[in-house]
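**Q** Sequence:
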Amino acid sequence: MAATHDFEQMWRDLAPVGRSATSGGYHRQPWTSAETELRHWFMEECAARGLAVETDGIGNQVAWWEPAGTSGGSGVLTGSHLDSVLDGGAYDGPLGVVSALAAVDRLRERGFEPVRPLGIGVFVEEEGSRFGRACLGSRLATGATTWDAARELRDRDGVFLADAVEAAGLDPSAGLLSLDRVGTFVELHVEQGRDLVDREVAVGLASEIWPHGRWRFDFAGEANHAGTTRMEDRRDPMLTYAMTALAANKQARLSGQRATFGRIAVEPNGTNAVPSLVTAWLDARASSDDALAELVAAIERQADDRAGRDGTALTVTAESVSGSVAFDPDLAARLAALGDWPVIPTQAGHDAGILSDAGIPTAMVFVRNPTGVSHSPDEHAETADCLAGVDALADVLAELAGA
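Using the numbering used here, read the sequence shown as starting at 84 and increasing by one per residue.
FYI, nobody ran anything at the bench for these hints, they're computed from the structure. Just so you know, not all the hints are guaranteed correct.
Here are the simulated SDA-like cross-link-like pairs (lysine to any residue), alpha carbons at most 25 Å apart as the crow flies [as the list claims (entries may be wrong)]:
id: 1; residue 1: K333; residue 2: E137
id: 2; residue 1: K333; residue 2: D263
id: 3; residue 1: K333; residue 2: D231
id: 4; residue 1: K333; residue 2: E283
id: 5; residue 1: K333; residue 2: E235
id: 6; residue 1: K333; residue 2: W298
id: 7; residue 1: K333; residue 2: S370
id: 8; residue 1: K333; residue 2: G394
id: 9; residue 1: K333; residue 2: G455
id: 10; residue 1: K333; residue 2: R389
id: 11; residue 1: K333; residue 2: D278
id: 12; residue 1: K333; residue 2: P255
id: 13; residue 1: K333; residue 2: D387
Work out the full structure: start from the sequences and follow the hints.
**A** Given below as structure tokens:
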């Protein structure tokens with residue numbers, strides 16, 4: 084029962100951090116006071132378990148459990164992230180970290196000691212909500228992105244990433260987290276969808292991640308007076324954007340894929356002025372790399388056609404693109420057999436996908452989400468399902484770190 088109590092207490096401790104008093108959603112952007120508080124919380128929880136935490140120069144963290152007699156070979160890493168999207172839910176990311184700590188408690192209650200090193204990790208800026216690059220911490224740790232490139236990224240206020248990291252009390256010159264000793268990675272995550280609900284099971288494993296990416300669409304026109312400029316004389320980029328948003332919806336529906344314009348910026352952003360520039364960010368996801376390329380190309384083609392009619396200009400920039408990820412099928416089958424859990428795909432990106440692409444055998448454990456809602460204050464998982472996830476993760480870690 085101790086692990087159950089510890090899980091619920093940790094969840095209560097995290098609940099107020101970065102939470103909006105109006106919406107109930109979370110604002111835990113990286114290198115802010117809320118994220119710093121979470122980083123210190125993780126260190127305290129690990130210290131309470133006798134685990135020393137290594138924090139790298141940008142805020143990635145890992146703590147290893149290595150009892151006497153543990154082999155010096157490759158270890159098993161679990162964990163997730165603690166940052167959130169803007170006004171996000173409580174479970175996306177933190178559930179994986181809290182469950183990892185509770186799983187260690189559960190293993191110790193069972194009298195289990197790992198034969199291989201067992202680590203708990205936290206990757207920074209997984210959501211890409213501040214600097215626009217999803218899974219940035221794990222990309223840097225694996226070498227998929229270089230620090231020289233990342234340091235020049237800017238947030239919405241124009242702050243350079245390097246300056247934000249240093250302002251949070253970190254030192255990028257201290258280096259990045261090494262994953263050389265990680266032989267296997269397992270990430271527990273709340274399901275973002277309703278597959279497990281439809282199957283009437285609390286826990287599942289991942290088979291693959293759909294390819295996905297973010298594209299910036301810049302629609303340039305001509306600023307002018309909203310009252311004195313005749314409709315036929317306008318070069319209005321808002322019209323081009325509006326048609327493009329509708330085209331994205333139609334193309335995604337026709338092909339069975341996903342396309343979302345969830346963020347826009349307008350210049351000069353005046354009520355009584357025709358805009359000079361509309362910048363919009365497309366999030367697109369598809370069942371294959373080819374399908375993703377075809378979806379984005381179809382949207383861009385319609386946008387360009389409309390720009391020609393509106394007298395506007397279109398520039399499309401791919402800001403972050405991740406290819407399809409197929410998790411190790413033998414590993415998934417081996418772990419699924421522990422609890423007769425289903426193996427299902429996901430359309431959401433995860434740090435697990437980055438580590439898998441880096442050649443690290445990787446698995447994901449999903450916990451049922453009763454509504455499927457995610458990236459929203461309404462995101463939820465029942466406590467009983469979360470605890471089932473802790474038990475499942477403990478079983479998985481025992482299988483991997485005890486062999």
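**Q** Could you run down the list of hints and mark each one as holding or not?
**A** Against the structure, the hints:
1. K333 - E137: Outside the cut-off at roughly 47 Å; violated.
2. K333 - D263: 45 Å, violated
3. K333 - D231: 39 Å, violated
4. K333 - E283: With a Cα-Cα distance of about 32 Å, the restraint between K333 and E283 is violated, given a limit of 25 Å.
5. K333 - E235: 36 Å, violated
6. K333 - W298: 17 Å, holds
7. K333 - S370: This hinted pair holds, its Cα atoms lying about 17 Å apart.
8. K333 - G394: 23 Å, holds
9. K333 - G455: 23 Å, holds
10. K333 - R389: Satisfied, since the Cα-Cα distance of roughly 15 Å is no more than 25 Å.
11. K333 - D278: Holds. K333 to D278 sits at ~24 Å (cutoff 25 Å).
12. K333 - P255: 44 Å, violated
13. K333 - D387: It holds: about 16 Å lies between the C-alpha atoms, which stays within 25 Å.
The structure shown violates the earlier hints numbered 1, 2, 3, 4, 5, 12.
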